[in-house]
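Chemist: Start from chain A and add chain B according to the hints.
One line per chain: the protein sequences are A and B, in this order. Its first residue numbered 1, the first sequence is counted upward by one per residue in my numbering. Its first residue numbered 1, the second sequence is counted upward by one per residue in my numbering.
One thing to keep in mind: the hints can contain errors.
In this list, chains with the same sequence are indistinguishable; a pair is considered to hold if it fits within one copy or across any two.
Said to hold, decoys possible - Listed below are the simulated DMTMM-like cross-link pairs for lysine to aspartate or glutamate, each with C-alpha atoms no more than 20 Å apart in a straight line: (1) K6 / E36; (2) K2 / E37; (3) K6 / E57; (4) K42 / E74; (5) K42 / D17; (6) K49 / E36; (7) K53 / E36; (8) K45 / E34; (9) K53 / E37; (10) K6 / E51; (11) K45 / E79; (12) K49 / E74; (13) K2 / E36.
Worth flagging that the hints you see were computed from the coordinates, not collected in a lab.
There are 2 protein chains.
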Amino acid sequence: MKYCGKVVVTLKPGVFDPQGMTIRNALHALSYREVEEVETGKYFKVTLKAETKEEAERRIREMCDQLLANPVIEQYAFEVQEIR
Amino acid sequence: MKYCGKVVVTLKPGVFDPQGMTIRNALHALSYREVEEVETGKYFKVTLKAETKEEAERRIREMCDQLLANPVIEQYAFEVQEIR
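Here chain A stands alone, though its shape is the one from the complex (with noise of 0.2 Å):
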């Protein structure tokens, strides 16, 4: 079975994000001043190979924890779907 994961990898609560205020006051600047705040994140979609969809779950996690997410600063979340 092949299976999608999307993964959106995001500063953990308290951590400066620079680049998320930078943005923020750019789109003031380009007059979107009703804009309060902008986090800024990073996003994956991996395509993979598994038996179950558990066992996608279970690999996609593995790889946050390893490569995609630093977790001294850095939280995840994802969803995995069935490619048909």
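Modeler: Chain B in isolation, oriented as in the chain A frame:
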């Protein structure tokens, strides 16, 4: 009303993604041989004030077109939720 827009910006199909290839190769080296492809993208969580959800969606679409995504090589998707 306050709303939160979760925006994912990815490369358009056919646009070369060297970062994704590098991550796929790194995952293979870490013994995640079942990974077939990795596509990378950017994630933005935008908190904003708006009268209605439709207005929040319209404004976020404008921000994507003007600043958050490069329409030449990138595509975007987003969902908006009310924050209570």
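Chemist: Which numbered conditions among the earlier hints are violated in the structure presented, ordered from lowest to highest?
Modeler: 12
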